[in-house]
Amino acid sequence: MDSLTLENRSFEVRNLSCIRDDRILFEGLDFTLNNNQVLLLEGKNGSGKTSLLRIICGFREQDAGDIIWCNTPIKDSDFFAEMAYVGHLDGVKKELTVVENLKMSLALSVAGNYSIEQALDKVHLAGYDDSIVQSLSAGQKRRLSLARLLITRNSLWVLDEPFTSIDKEGIKLIESLMHEHICAGGMIILTSHHDLYLHETEVQKINLSLCH
Amino acid sequence: MSLITAFFAVVRRDLILAFRRRAEIANPVFFFILVVTLFPLGVGANTKLLQAMAPGVIWVSALLAVMLSLDSLFRSDFDDGSLEQMLLSSHPLTILVLGKIIAHWLVTGLPLLIIAPLLAVFLGLPEQALGTLLITLVLATPVLSLIGSIGVSLTVGLRRGGMILSLLVLPLYVPVLIFASNAVEMAGNGQTVDAQINILIAILLMSVVLAPLPAASALKMSVS
Chain B
1 MDSLTLENRS FEVRNLSCIR DDRILFEGLD FTLNNNQVLL LEGKNGSGKT
51 SLLRIICGFR EQDAGDIIWC NTPIKDSDFF AEMAYVGHLD GVKKELTVVE
101 NLKMSLALSV AGNYSIEQAL DKVHLAGYDD SIVQSLSAGQ KRRLSLARLL
151 ITRNSLWVLD EPFTSIDKEG IKLIESLMHE HICAGGMIIL TSHHDLYLHE
201 TEVQKINLSL CH
Chain R
1 MSLITAFFAV VRRDLILAFR RRAEIANPVF FFILVVTLFP LGVGANTKLL
51 QAMAPGVIWV SALLAVMLSL DSLFRSDFDD GSLEQMLLSS HPLTILVLGK
101 IIAHWLVTGL PLLIIAPLLA VFLGLPEQAL GTLLITLVLA TPVLSLIGSI
151 GVSLTVGLRR GGMILSLLVL PLYVPVLIFA SNAVEMAGNG QTVDAQINIL
201 IAILLMSVVL APLPAASALK MSVS
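Chains B and R supply the protein sequences, listed in that same order.
So in the numbering used here, spot 107 of the first sequence is number 107, and the numbers just go up one at a time.
So in the numbering used here, spot 126 of the second sequence is number 126, and the numbers just go up one at a time.
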């Protein structure tokens, strides 16, 4: 199953700062993430969790500091080919069917360990292949955007509140997918207000409200 | 998958989306027909006047129709997060943007090509100018989509970007308007129009090469 070897990847943030409208959201942020590790970002609303993830994705410029992937700054490395992001917005087109959406994601990226069929099965959306996304519930849309993580080749998952609008059973499901990804050598950075239960996995925690 | 696959996947996706949102896509075409048909009513049944105005009327209406449709180019991708996913793609955004622009032209520019000759006959444009009208439309409507993509990618992050969009884009449309309508007018008088056509070809080639780059950069800025 695991055709991709994810060894010797490292993700490092050095002395990172983010300033918004003259407010310092966080400064002097340092952390390192290696294979098989999870980082959970905590903090109050407005403490800069989403801003940090958007900086990591390259959507925003940091105000100071460096982000390093395998000892190279992310802009010069193959970081973006190895990461996958699920943000507040699902990134799926509501007029397209489930499979059409996933095929598009696949065209923008490199095929990963799972086929579309297998991934839909994994996120319990089997049988919805040809449903228009508009007819899915909010939780199902969320699962669909998480299915994207499975079909594309990636080692770092960047997840912004992945449990929003997902039911209890779904949360367990996503935790088991995360666990599987971690065990295969992957890394995860996520924000969440839920407690995270990952079997036998150490979760690093950073509270952004305290990073001033 | 390769870059070419990604490019065609974007074109294909946008065409499917356009087909599923048919009403939205029909808007610019209806607008075009309405504006052109209103002119004879406003100006009066003065055949000579209408005939003289025909190239300008058709070109101004086509230009406004394309501008009306520009906002839909990136709007829904911006709103539902698809744009973020495109930015994260390992393929260059410029090529993906070019794919979107081509799909946009296929659903807005191409219908104008089919309807414009009919409306030209309706306004009494001389027969010998019809060919030139078609050639100018073929060459210049893609330019409208290409140049428009720069403006719309700059304004997609703004909540009410409509006014700014027209201020940004219309001045850049002016050369296209001048050369295209002038070519049709001169063809109607039986003169040669090689110069205008060559300039339109030059504008088209330049904008194919140059427009997707700033559009992609502007999209990156809009997302941040």
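Source of the hints: derived by calculation from the structure; they are not laboratory data.
Note that the Cβ used here is the ideal one computed from N, Cα and C, for glycine as well.
Worth double-checking, as some hints may not be accurate.
Unchecked claim - EDC-like, lysine to aspartate or glutamate: derived pairs with alpha carbons at most 16 Å apart:
#: 1; chain 1: B; residue 1: K94; chain 2: R; residue 2: D79
#: 2; chain 1: R; residue 1: K220; chain 2: R; residue 2: E127
#: 3; chain 1: B; residue 1: K94; chain 2: B; residue 2: D78
#: 4; chain 1: B; residue 1: K122; chain 2: B; residue 2: E169
#: 5; chain 1: R; residue 1: K220; chain 2: B; residue 2: E175
#: 6; chain 1: B; residue 1: K122; chain 2: B; residue 2: E175
#: 7; chain 1: B; residue 1: K94; chain 2: R; residue 2: D194
Unchecked claim - Here are a few chain R residues that face chain B, going by a calculated C-beta distance under 8 Å:
#: 8; residue: A6
#: 9; residue: A9
#: 10; residue: I16
#: 11; residue: N46
#: 12; residue: T47
#: 13; residue: Q51
#: 14; residue: D80
#: 15; residue: S90
#: 16; residue: T94
#: 17; residue: R159
Violated hints - listed by number, lowest first: 2, 3, 5, 7, 11, 12, 13, 16, 17
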